[in-house]
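2 protein chains.
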Amino acid sequence: MNSARYGGLEAGGTKMICVVTDENGKWLDQRTLPTLSPEETIPQIVDFFKKNAITSLGIGSFGPLDLKEGSHTYGSLASTPKKGWKGYPLLEAFKSLEVPISLTTDVNGAALAEATKGAAKGLDSCLYITVGTGIGAGAVVNGTILEGFSHPEMGHVPVKPHENDTFEGHCPYHGTCAEGMAAGPAIQARWGKAGVELSEDDRVWQLEAYYLAQAIAAYTYILSPKKVILGGGVMKQKQLYSLVREELIRQLNGYVDIGDPDEYVVAPGLDEHAGIEGALLLAKQAEKMALS
Amino acid sequence: MNSARYGGLEAGGTKMICVVTDENGKWLDQRTLPTLSPEETIPQIVDFFKKNAITSLGIGSFGPLDLKEGSHTYGSLASTPKKGWKGYPLLEAFKSLEVPISLTTDVNGAALAEATKGAAKGLDSCLYITVGTGIGAGAVVNGTILEGFSHPEMGHVPVKPHENDTFEGHCPYHGTCAEGMAAGPAIQARWGKAGVELSEDDRVWQLEAYYLAQAIAAYTYILSPKKVILGGGVMKQKQLYSLVREELIRQLNGYVDIGDPDEYVVAPGLDEHAGIEGALLLAKQAEKMALS
Ligand SMILES: Nc1ncnc2c1ncn2[C@@H]1O[C@H](COP(=O)(O)OP(=O)(O)O)[C@@H](O)[C@H]1O
Ligand SMILES: Nc1ncnc2c1ncn2[C@@H]1O[C@H](COP(=O)(O)OP(=O)(O)O)[C@@H](O)[C@H]1O
Ligand SMILES: [Zn+2]
Ligand SMILES: [Zn+2]
Chain G
1 MNSARYGGLE AGGTKMICVV TDENGKWLDQ RTLPTLSPEE TIPQIVDFFK KNAITSLGIG
61 SFGPLDLKEG SHTYGSLAST PKKGWKGYPL LEAFKSLEVP ISLTTDVNGA ALAEATKGAA
121 KGLDSCLYIT VGTGIGAGAV VNGTILEGFS HPEMGHVPVK PHENDTFEGH CPYHGTCAEG
181 MAAGPAIQAR WGKAGVELSE DDRVWQLEAY YLAQAIAAYT YILSPKKVIL GGGVMKQKQL
241 YSLVREELIR QLNGYVDIGD PDEYVVAPGL DEHAGIEGAL LLAKQAEKMA LS
Chain F
1001 MNSARYGGLE AGGTKMICVV TDENGKWLDQ RTLPTLSPEE TIPQIVDFFK KNAITSLGIG
1061 SFGPLDLKEG SHTYGSLAST PKKGWKGYPL LEAFKSLEVP ISLTTDVNGA ALAEATKGAA
1121 KGLDSCLYIT VGTGIGAGAV VNGTILEGFS HPEMGHVPVK PHENDTFEGH CPYHGTCAEG
1181 MAAGPAIQAR WGKAGVELSE DDRVWQLEAY YLAQAIAAYT YILSPKKVIL GGGVMKQKQL
1241 YSLVREELIR QLNGYVDIGD PDEYVVAPGL DEHAGIEGAL LLAKQAEKMA LS
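As you go down the protein sequences, you meet chains G and F in turn. The opening residue of the first sequence carries number 1 in this note's numbering; numbering runs sequentially from there. The opening residue of the second sequence carries number 1001 in this note's numbering; numbering runs sequentially from there.
Don't read these hints as lab results, they were simulated from the structure. Note that the coordinates shown come from a computational prediction; the quantities given were computed from them, not determined experimentally. You may find that some hints are simply not true.
[As the list claims (entries may be wrong)] Within a straight-line C-alpha distance of at most 20 Å, the following computed EDC-like cross-link-like pairs (lysine to aspartate or glutamate) qualify:
id	chain 1	residue 1	chain 2	residue 2
1	F	1160	G	168
2	G	86	F	1257
3	G	238	G	263
4	F	1068	G	168
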């Protein structure tokens, strides 16, 4: 059968992006819905994919997700603060499509897409980080999405507070983890204004770079990724890219050789499309796994 | 040809362990040499493997190693403090054997061995950490050794100093990285005595557990390993295992579910043999890769 129809779903906390392609990746249909309650939103998505007679489905979703092998609640949303979604059995909800499904986190999907056709094209390893409402990251290692006992939660790595920073941190679990110190809401809480209003304040971005570099140093020591792709709302402050590179070089202090920093820490190659492209690649993988 | 002879070399800073097995893993010959200069030591190892007519070779070596794809100095030792070995072309030195060779770090080899026949047997992911003269770690991810642009350097993750700890850290590159705060020489430098003499001092091990748990929290967030195996000289202080587990639970603060901590953080299953067993598994992999 050579008439595959891949369904891709980028499930975000704000919106749901659904795309259907043919086996060559040509977009056949698409639909974007606001993320309301599961009861309102999911049936519409199921209908959309049914109407398009997809043959496999890939989902890159906001999280945290339960991806524990053998878990009774495998494929459901875990303790998300998103109202109505906590514990929602996401994977289960698409069973009625009766097609192979591959589910992972949005950032894992984005990492796969960037490694396949984006900024890390042709590389068998990369890291995709988003700095937005939270900090999340996904990785490709030896050509495959990195998962273990569940999906990584890289945004929560511990960081060392800067000696001039007295902010107690904004993560309800850890206070001063990377997300607690450097995600958008942490910037807002520390400085009393949203990042977009602080563009001109150099101290803000110097400190931001200090924490992001510290997280990237940890990722570098642990994963040795061939490329680090840095995206998300906060990275709209383009000056951050060079600040992060400088801080990273300073913190690594020559212990590992990351090569040209401009080639190591880069912006996404697929812009806003990494998520949905990742979901479509997952659909292809789901088909392959079902056949093998 | 069903008469493979696997050569395994565990290349350590103190000693070199060489073993030859048949294709079923039966040990046929072995030799252990002190690690003197490369010129004194390596020819003896080459002779040993030649005499045994090995058909492939696996090496798990101390490091850091240059394992960068396409590097002119691929397979050589990088900036090791071990006298005479800095820049030594380790892989090159065994070319005259004319057999397929697989080279990685000692800890990567140990992780592979623990995942294949040790404490993580049957799991497709694990982390092997040694806390000794340095802190090193190797990982298996999706059944394969984790490497990226080079091998990981997990011991150098940044850590947050404990509020009661004024020690400036012992890593020449980073001061207060995990290795700089918690490896054997850091204990010696902070307390003025070697760890073995401090067994009775609870403060020492409580603080040690604080730093080890912080490193393991970072590894957990980033890699989501199915098992964390903790070995090396410092872990001879057996009380550390439960202290590390308690600290880890405290620091994760419920954000990720590692299951039963006694099953998550464990001692090596292969004791001192993980290194050489890993090297022998690498020899098997080298054979397979040469055939494919
Ligand atoms: N131009 C900007 N400069 C700094 N911060 C920004 C900018 N635009 C958005 N942000 C911050 O990024 C966060 C939203 O991130 P985004 O990646 O767009 O969404 P999400 O993480 O929810 O998917 C908010 O905290 C917002 O303050
Ligand atoms: N019983 C012990 N208690 C505490 N520390 C120990 C003990 N035995 C060895 N060490 C420490 O472990 C380190 C050596 O680690 P080891 O794993 O044996 O060697 P290496 O890391 O050099 O391969 C030294 O710093 C030593 O002080
Ligand atoms: Zn956190
Ligand atoms: Zn260090």
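Quick rundown of the hints versus the structure:
no.	hint	in the structure
1	F:1160 with G:168	holds, 14 Å
2	G:86 with F:1257	holds, 16 Å
3	G:238 with G:263	holds, 16 Å
4	F:1068 with G:168	violated, 40 Å
Figure legend: structure checked against the earlier numbered hints; the only hint not met is number 4.
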